[in-house]
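So the protein sequences, as listed, match chains A and B. Numbering-wise (our numbering), the first sequence opens with residue 1 and increments by one. Numbering-wise (our numbering), the second sequence opens with residue 361 and increments by one.
The hints are simulated quantities; they were obtained by calculation from the structure and are not laboratory data. Values in this document were obtained by computation on a predicted structure and should not be read as measured data.
Computed list of lysine-lysine pairs in DSBU-like fashion (alpha-carbon distance at most 35 Å, straight line):
#1 555(B) to 571(B)
#2 197(A) to 568(B)
#3 614(B) to 47(A)
#4 197(A) to 236(A)
#5 236(A) to 412(B)
#6 282(A) to 181(A)
#7 129(A) to 236(A)
#8 48(A) to 568(B)
#9 47(A) to 198(A)
#10 197(A) to 571(B)
#11 198(A) to 568(B)
#12 129(A) to 162(A)
#13 198(A) to 571(B)
#14 236(A) to 162(A)
#15 528(B) to 568(B)
#16 568(B) to 188(A)
#17 368(B) to 555(B)
#18 568(B) to 47(A)
#19 198(A) to 188(A)
#20 557(B) to 197(A)
#21 188(A) to 571(B)
#22 243(A) to 188(A)
#23 225(A) to 412(B)
#24 198(A) to 412(B)
Taking CB as the label site, the calculated pair distances span:
#25 471(B) to 330(A): 53 to 61 Å
#26 471(B) to 186(A): 41 to 49 Å
#27 519(B) to 321(A): 44 to 52 Å
#28 201(A) to 525(B): 45 to 53 Å
Derived contacts from chain A toward chain B, CB cut-off under 10 Å, selection only:
#29 24
#30 58
#31 91
The beta carbon of each residue, even a glycine, is placed where N, CA and C say it ideally should be.
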Amino acid sequence: MKELRLMKGNEAIAEAAIRYGVDGYFGYPITPQSEILEHLMAEEPYKKTGMVVLQAESEVASINMVYGGAACGKRAMTTSSSPGISLMQEGLSYIAGAELPCLVVNVVRGGPGLGTIQPSQADYFQTTKGGGHGDYRLITLAPASVQEMYDFVALAFELAFKYRNPAMILSDGVIGQVMEKVQIDDYKPRWTDEYIKKSFPWATTGKNPNTPHVIVTSLELDSSKQEQVNIRIQKKYRECEAKEVRYELINCEDAEYLFVAYGSSARICQKAIQLGREKGIKVGLVRPITLWPFPSKILNEMADKVKGMLSVEMSAGQMVEDVLLATKHKIKVEHYGRFGGIIPTPQEVLHALETKIIGG
Amino acid sequence: MNREDIIKPENLVYRRTPVLTENIMHYCPGCGHGTAHRLVAEVIEEMGIQEKTIGIAPVGCSVLAYNYFEVDMQEAAHGRAPALATAVKRLKPDFFVFSYQGDGDLAAIGTGETIHACNRGENITMIFINNGIYGMTGGQMAPTTLEDMKTSTSPYGREVQSMGNPLKITELLAQLPGTCYVTRQAVYTPALVRKCKRAIRQAFENQKENKGVSFVEIVSNCNSGWKMTPTASNQWLEDNMLPFYPLGDIKVSK
Numbered sequence: 001m002k003e004l005r006l007m008k009g010n011e012a013i014a015e016a017a018i019r020y021g022v023d024g025y026f027g028y029p030i031t032p033q034s035e036i037l038e039h040l041m042a043e044e045p046y047k048k049t050g051m052v053v054l055q056a057e058s059e060v061a062s063i064n065m066v067y068g069g070a071a072c073g074k075r076a077m078t079t080s081s082s083p084g085i086s087l088m089q090e091g092l093s094y095i096a097g098a099e100l101p102c103l104v105v106n107v108v109r110g111g112p113g114l115g116t117i118q119p120s121q122a123d124y125f126q127t128t129k130g131g132g133h134g135d136y137r138l139i140t141l142a143p144a145s146v147q148e149m150y151d152f153v154a155l156a157f158e159l160a161f162k163y164r165n166p167a168m169i170l171s172d173g174v175i176g177q178v179m180e181k182v183q184i185d186d187y188k189p190r191w192t193d194e195y196i197k198k199s200f201p202w203a204t205t206g207k208n209p210n211t212p213h214v215i216v217t218s219l220e221l222d223s224s225k226q227e228q229v230n231i232r233i234q235k236k237y238r239e240c241e242a243k244e245v246r247y248e249l250i251n252c253e254d255a256e257y258l259f260v261a262y263g264s265s266a267r268i269c270q271k272a273i274q275l276g277r278e279k280g281i282k283v284g285l286v287r288p289i290t291l292w293p294f295p296s297k298i299l300n301e302m303a304d305k306v307k308g309m310l311s312v313e314m315s316a317g318q319m320v321e322d323v324l325l326a327t328k329h330k331i332k333v334e335h336y337g338r339f340g341g342i343i344p345t346p347q348e349v350l351h352a353l354e355t356k357i358i359g360g
Numbered sequence: 361m362n363r364e365d366i367i368k369p370e371n372l373v374y375r376r377t378p379v380l381t382e383n384i385m386h387y388c389p390g391c392g393h394g395t396a397h398r399l400v401a402e403v404i405e406e407m408g409i410q411e412k413t414i415g416i417a418p419v420g421c422s423v424l425a426y427n428y429f430e431v432d433m434q435e436a437a438h439g440r441a442p443a444l445a446t447a448v449k450r451l452k453p454d455f456f457v458f459s460y461q462g463d464g465d466l467a468a469i470g471t472g473e474t475i476h477a478c479n480r481g482e483n484i485t486m487i488f489i490n491n492g493i494y495g496m497t498g499g500q501m502a503p504t505t506l507e508d509m510k511t512s513t514s515p516y517g518r519e520v521q522s523m524g525n526p527l528k529i530t531e532l533l534a535q536l537p538g539t540c541y542v543t544r545q546a547v548y549t550p551a552l553v554r555k556c557k558r559a560i561r562q563a564f565e566n567q568k569e570n571k572g573v574s575f576v577e578i579v580s581n582c583n584s585g586w587k588m589t590p591t592a593s594n595q596w597l598e599d600n601m602l603p604f605y606p607l608g609d610i611k612v613s614k
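Produce the complete structure using the sequences and hints provided.
Following this line, the structure appears as structure tokens:
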């Protein structure tokens, strides 16, 4: 029986990082996710697993520290919230370009600009469509519970190392701040330097006497070679799209209508389903767990079975564009959202389904 | 005496250090970067730390430094080398870690990373090439450009009232408790090259004792950017750069 604890989502991220055997955390305080750095500092993981935790001078420095650690083959991570994640976009592009694995957690707050410290899901475009410069993608996991905040730390690192690409946990202020019970693991040992040297020949682990030195870079001035780099990276992304799509179907078996929602919006939709079914509306939920790669195939299949879909997001309508692309206008698809830090109620979500999809 | 009689190990007076690759450097003929590279590489060879050294390259003229140092290298985003070096050293504390940056990289866009890595006292060596100009992008004004100095973005000379003052970042860093060794060197004469090498050696040796940042500024020429012959640029360096950026140790901790 695993140990159960009552934790905040942010604390779960920190605790999972220590217990999974992360080597280095580099971060800068920002609401609503400062508990992650606070929890890490309070737990003194250096004494438990040898994990390095450092408060950097900025998010720019944080993400570049992550680059340095990742380039050594270490498990390196940072966390922030929307304005801080904007500052990290340069670094993320370099990390993707240098094909390094790492974890970045975004506990999203409302924008644009300084916006609000209240929850939001308005960073979907930034996360799934690029954010930084150049053709790259972030493997994006969207937790809908504190348990998933914990579990996705390990999953994100596994995917990041499998594809040598940065992974993002796209959370929000609700999941970061809410307290739920969490099953936690025992402490796993960190990778040894010998294991890293043997397993990751791309990493800077010290030059071997009989092989050339290792260079970690995203620069290739010869365009014909740079095109080949891009082709290789895109091939990796196609493989990721084929193999790594994750989603959850809730009450979809007999559904005539569907909510499509991730993260805390998916939790609100579950309550809206209950209210709807009490009124005789057969509604279900498709919950994307990976936002990139996006579960387009299942949404396309579901479009042949249901009459309409409502994309529910705490944004002005971002994921809805991917739902529209996936369903190819076979059925009616609409967006419902609140933004600026306002969390929709299950009643208003159900009302939106009734007016925009069923009656619309 | 024939050729074979001469080519013998005991007659060797000069060779390429194996810590430099055989790649032909892209630097302009006459530029100080090549000499600075060689000194760093020779120190790594002489200390026997080639397999225990990780270098961080910048963005600027020395962006391709990773092609020349035969040690494991990481290429940083513009200005961010001290952040990378911080993480590498913290996660691999038994390694020797150095950054190699120019003045635009270290003293303009990367000022924050530079100051905070120095203030934290990261146990690393920072090599700083100051030639008072952005060389790679074609000779624009740098934070270190002298007053009245002409560049492509200060074509009538740096007018400090509107363009700001040349930044003595090295003196600034010497004020921070996290730096243990701060020195300013040059490489345009054989005597200065030898002196500079001793400073770089000291800056690497300090890492064995966890003393904090060792910072070596090398005042260098940019004959292409300054639009001079190499010889004239070295004379200009002596006549104009050195009065404002005087050579010598600025801070030596016991």
